[in-house]
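**Q** Chain by chain, the residues run as shown.
2 protein chains.
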Amino acid sequence: NGCKVSNVDEFHAAVQQAQPGDVIVLAAGVWQDAELKFDANGTAEQPIKLTVEKKGAVTLEGQSRITISGEHLIVEGLVFKNGYSPTSEVISFKKKKGVYANNCRVTECVVDNYNGPERFESNTWVAIYGKNNRVDHCYLVDKRNIGVTMTVRMVDELCRENNHRIDHNYFGYRQNLGANGGETLRLGTSHYSLSTCGTTVENNYFEYCDGEHEIISNKSCGNQFLNNTFMECRGTLTYRHGNDNVAEGNVFFGNGKEHTGGIRIINKRNKAINNYFADLTGYRFRGALVIMNGVPNSAINRYHQVDGGVFTNNTFVNCDHIQLCAGSDDERSAIPINSLIENNVFLHQGRDDIFTIYDDISGIEFKNNFVAENINAEQLNVTKTEITATKNENGIYEITGAVNGAGSSIKAAAANAENTGVNWYSKQLRNKDFGTGKSIEVKPGLNTLLEAYNQSASGDVLVLSEAGDYAMEKKFEISHPISIVAAKGIDKPRLLSSKQEMFTIQNGGSLQLKGVEINGEMSPDLTGNCIVSTSHYSMNCNYKLMVEDCDVKDLDVNKFFDFLRSYKSTHADTVLIKNCHFDNLTGHVLRLDEETDDRGIFNAEYVILENSVFKHIEGTVLDLYRGGTDESTFGPTLKVNECQLINVGNGKRNKENGSMMVHGVQVCYISNTRFVNSKPLNLHLTNGEPITKITNCDFEMSTIVFNNKEFEVDNVTIDGKKKSLKQL
Amino acid sequence: NGCKVSNVDEFHAAVQQAQPGDVIVLAAGVWQDAELKFDANGTAEQPIKLTVEKKGAVTLEGQSRITISGEHLIVEGLVFKNGYSPTSEVISFKKKKGVYANNCRVTECVVDNYNGPERFESNTWVAIYGKNNRVDHCYLVDKRNIGVTMTVRMVDELCRENNHRIDHNYFGYRQNLGANGGETLRLGTSHYSLSTCGTTVENNYFEYCDGEHEIISNKSCGNQFLNNTFMECRGTLTYRHGNDNVAEGNVFFGNGKEHTGGIRIINKRNKAINNYFADLTGYRFRGALVIMNGVPNSAINRYHQVDGGVFTNNTFVNCDHIQLCAGSDDERSAIPINSLIENNVFLHQGRDDIFTIYDDISGIEFKNNFVAENINAEQLNVTKTEITATKNENGIYEITGAVNGAGSSIKAAAANAENTGVNWYSKQLRNKDFGTGKSIEVKPGLNTLLEAYNQSASGDVLVLSEAGDYAMEKKFEISHPISIVAAKGIDKPRLLSSKQEMFTIQNGGSLQLKGVEINGEMSPDLTGNCIVSTSHYSMNCNYKLMVEDCDVKDLDVNKFFDFLRSYKSTHADTVLIKNCHFDNLTGHVLRLDEETDDRGIFNAEYVILENSVFKHIEGTVLDLYRGGTDESTFGPTLKVNECQLINVGNGKRNKENGSMMVHGVQVCYISNTRFVNSKPLNLHLTNGEPITKITNCDFEMSTIVFNNKEFEVDNVTIDGKKKSLKQL
Ligand SMILES: [Ca+2]
Ligand SMILES: [Ca+2]
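So the protein lines, in turn, are chains A and B. Each residue of the first sequence is one higher than the one before, starting from 2 at the first, in the numbering used here. Each residue of the second sequence is one higher than the one before, starting from 2 at the first, in the numbering used here.
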């Protein structure tokens, strides 16, 4: 029988009296700070069900959460939003240590941006303990802080060989975390990774799951990944630990997006059968297929040798990187053995060089594999043949060619946005980009710009209509994307502030500056001013800062006057400086070096300096720091092109031995750039195999310093002499 | 005629129409976010007055402030609290650059804890521009963030030779800032310090003004400091820059409080006449009388030579330090010249060694000065005589002895708590200390401790009545002083948490732990856990952490598990660890090293480690960092006594070359302590003349490293051999 409850006490009273077959119905409305403890016992025939009066009309907000324990329970229709769990889990199949849910089901639940403010305080949205549980048709979107979105926990025997089923869920957008710990789904942990988990993950839809480079982190044995779709997800399905897992019938759509990958294999007897991979660009650990080297006698948390891997009947279309023996180094020297690559098809319409072989592949048997004729595959026992690919009405490339039955049989992705998740909840993306809103005209004056901002909405453009001074005597706190742009054809308007920070980008904010002069003349006579600061507190939204066609002048009223200063637990998607002149700063231009704990966290994903001049900078032009040794992040990525650094870094308070500090950056291209009378370009290369190329650069009264020579130079001149890497 | 206004628009309308002689009355109530612009012109005979309906019944809250501009205006009875100014000034005698107030008066106004959340975002409560203004009978209390409480600005000619009068104000409690920028009153800035300011500061009461070591920072010429009282203020009245200033009739009561000082002299023709100094303990730049060396051809912001100083008829009773030629070093080599010390009396009932002479004092003429017989004054031309001192009913020591008319004539302090400030506003101090509240009994269980805390008030004690596990699965955020104490006679109760931080000290919070075991066994398997964290955001209240009789065990579930982790813009008054055992940490015990900007900011004033054992600590026991070169802070102070460090600092992730990092610490005593199989004690000595003494310490498989030998060692043994400083 049914029983409607209107508050937490009524709910707990109903739970206490619940009999098999009962239905407890949460009344429509907002349930604030509702900590629901659903601890009861139904039967297989007569489960006890928790549901809602009307789907979508019941929301759990504030500090709400649910724990489920007992047998044969069903939870249906909950929506968690506008808050975060007071504990570390939102939906937990656990009452307390050793007391779990079994034979229970969570279905049609939504967790939407249910994130605490602390970016690096770990939190899990769905934590599955016990056995024989099912999580299906849930919609999980916009997780922003560290911690896996959904996980199967194997903390004790009661949670192993669990026979869980995770199916038909819609794993929505997850932003890049900029650290390890941004997995969307994890099964097990390294501690128990040699135990059998036995979970089936099938027919789920993963969309824009960009948290880190493990979309799924498999860390246990005996799991099945069947018929899932990965839509433009950065990263891979990773068999990180554990044996005897199977991936079959999965579809990976990269659509050319950066860092999109397929399947990465480590450990024993892991299989990839009849999967489809298309338009994946990821390289290194994010390749479309990555078969790794292991560590001999590996510790349980390192890399076990690939042994008995089976990779059959897969199709790879326009995937940039297939990586064999990936990660080969002094430590990871155990090559794949007893493995089979059979009946696969590889073609690429834009690239020939898709295979990279890092070590001895004699332990991998190749049988009946076919590659398109343009593909370089001399070292591989594969057959070249004419292969063409045409997209069918389902967006799947179908293959034509003499491939002798090889390749995948998939003609359509099993899981898609329509047949997963719930159909009663809006799936709109919320983030507005620069310039997508309305224009607001602003005149020169005191606080006019700030007043205009206060009238603006996300994506609006503040157009400075006349030259002149736009002065601010109050804090300018930016909480949504905003552009500040000079009208066309006018002299650069001047921005001035009497506050120590001209702009503070708060959580949710992003800033574009275009065509303006920024001048420090009105800034207070205090140490430590800056023009742009991030929030001083944690930001769980990534931000963007784009500065184009600007002059930045005379930030020199006192010591340590920076242009951009970032704080801990903040992360820029992009910091761009283009066509700008910076002249006379007592501090740094870009300080992105706050994450010094060496936990693999860092302050910016993309830093791009383009066609800009930096003159008389006492500090550095850039201090970009990514410490730690883990290899689970994409960035930082640094691109410097057509820049000039003149008298940079020579201030007596510059603690760095550099005009540009590049520490732990994963991808670094510096080209067509001059360093004149400046402290060195300082490279500290670490974490995996970072890509670092210095091309067409000229150093006069300046040089390059580095911790090792794992980088490339091409046409680099130091004090008039061309230098090869060897000569450095 | 009078006109009552009820909101900001009405106020501005009234101002617009105001005629000489008008009175504008703010209606009783809370004025939220009221930005008052009082821009009008009265006459000398008929000023325009802004007052309140009832004193104390009108408060300006939120983002309120007032600017005053024009002539002959009076502002009376405003109270600013519960908020902070949206600009950098609360009460400003300025409309905009070049447009100031003249002949105006601010009287009986209150600014109480009107501080923004950002500790290091600078802000001034009363900024006086223009000429002939008066600020009197104001009460300014509990300024917490950086920036001077009241200042006379001299930004242009319109603000110089200003004839301002600052009188009968009550400058209440100001906490230690832990950085430069905590002055209570400043006249001018170094830029214009050779111009005449001409302000009179008289009959003000300064109470517990502990912000930094300049209570008053005089940075201009021609000011008078008359008949002010300094009650237990840390620091001095400092003639930092500027000439021809006079201090006369002032009274300094130290009452033995640490760092209390008198007058510090730099520059030309500055005078101290007939002042009274008692029970001041300050040393170095905080001495009772400090006459400094200058820099030859000094830049305007360095130290000008003392020339023509006059110090007559002052009395010093029980003042620990008189410093002559203070700050003498390679840079500050210009000794005082043409100066006179005449008719002064010095006695000390507890100390003989009050004079310190750092350089050549031949440029100071001594005439008719008297010291008590016990005082060591061989190098000085002073007369020893029997002098006794007896406190009169006003708390002033009166002198008996043959002093030939020398000494001060002061028999009572002119300014006191009663005749300054306002009498219609409560002057209660708010901060409650540990153990001053009620006791609340707590039983073992899940979240019981947190639930008890949620019922508690400031100063309460949570008494753990039984041994057993007190486990937490939620954040424990501490927003007021609280003690967590085991009941007497029970086994140590265990505290455990499944959160990454067991306790977070938020702004206003302080934590005492006594008699408990803290165990990491339930902590999550994540990097970067800690037991106690400060707020991750700025704290404008200093906090205390006292840990006594505790065991801290097995913080090792993952990497970087610290005991205390502090964040930027937080400051501990005291961190105490006493009678504790720490065993098995993968991180640091005390991380107080977040202020790495070298702006002279630091994370803790007093760190005390007493009778404790630290064993198997992968990181450091202490990382205490105070960077920068300015000399305006008291601390940090570190005292280590009777401790043992065993296998500390050897973790491969410890980036520091030390088991204890002591950087820029001003006072450091390490005694009776063993370092065994541990990384070195690492001393980085900087800023002025830090005091560093290592006494009775034993290093086995450990040592001391240092940047210079400006420290003392006494009975130090390294690997069995006694070492002198020379041998290190
Ligand atoms: Ca990971
Ligand atoms: Ca100062």
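These are computed hints drawn from the structure, not numbers from a lab. Heads up, some of the hints might be wrong.
Same chains, same label: a pair holds when it works inside one copy or across any pair of copies.
Said to hold, decoys possible - List of simulated lysine-lysine pairs, PhoX-like, C-alpha gap at most 20 Å:
#1 K38 to K475
#2 K724 to K656
#3 K55 to K475
#4 K694 to K258
#5 K433 to K694
#6 K368 to K653
#7 K579 to K727
#8 K82 to K269
#9 K444 to K55
#10 K97 to K476
#11 K476 to K96
#12 K50 to K653
#13 K98 to K475
#14 K476 to K98
#15 K55 to K82
#16 K50 to K96
#17 K475 to K97
#18 K97 to K444
#19 K723 to K579
#20 K444 to K515
#21 K640 to K385
#22 K710 to K723
#23 K38 to K515
**Q** Indicate, hint by hint, whether the structure satisfies it.
**A** Structure-based check of all given hints:
1. K38 to K475: between (47 Å within a copy, 15 Å between copies)
2. K724 to K656: Answer is neither; intra-copy 27 Å and inter-copy 33 Å both fail.
3. K55 to K475: For K55 and K475, the Cα distance exceeds 20 Å both inside one copy (47 Å) and across copies (31 Å).
4. K694 to K258: So K694 and K258 fail the 20 Å test inside a copy (22 Å) and across (61 Å) alike.
5. K433 to K694: neither (34 Å within a copy, 60 Å between copies)
6. K368 to K653: neither (65 Å within a copy, 46 Å between copies)
7. K579 to K727: neither (33 Å within a copy, 56 Å between copies)
8. K82 to K269: Neither way: K82 and K269 sit 41 Å apart in one copy and 67 Å across, limit 20 Å.
9. K444 to K55: neither (50 Å within a copy, 41 Å between copies)
10. K97 to K476: Between copies only: 17 Å across, 47 Å inside.
11. K476 to K96: Between. Shortest inter-copy distance 18 Å satisfies the 20 Å Cα cut-off; intra-copy 47 Å does not.
12. K50 to K653: Close neither inside one copy (69 Å) nor across copies (52 Å); limit 20 Å.
13. K98 to K475: between (52 Å within a copy, 15 Å between copies)
14. K476 to K98: Only across copies: K476 and K98 sit 18 Å apart there, 48 Å inside one copy, limit 20 Å.
15. K55 to K82: within (16 Å within a copy, 47 Å between copies)
16. K50 to K96: Intra 17 Å, inter 67 Å, cutoff 20 Å: intra-copy only.
17. K475 to K97: Answer is between: at 13 Å across copies they meet the 20 Å cutoff, but 50 Å inside does not.
18. K97 to K444: Result: close only across copies, 18 Å inter versus 61 Å intra.
19. K723 to K579: Neither. Shortest intra-copy (28 Å) and inter-copy (62 Å) distances fail the 20 Å Cα cut-off.
20. K444 to K515: Answer is within; shortest intra-copy Cα gap is 16 Å, inter-copy 61 Å.
21. K640 to K385: Result: close neither inside a copy nor across copies, 37 Å intra and 75 Å inter.
22. K710 to K723: within (17 Å within a copy, 45 Å between copies)
23. K38 to K515: Result: close neither inside a copy nor across copies, 53 Å intra and 34 Å inter.
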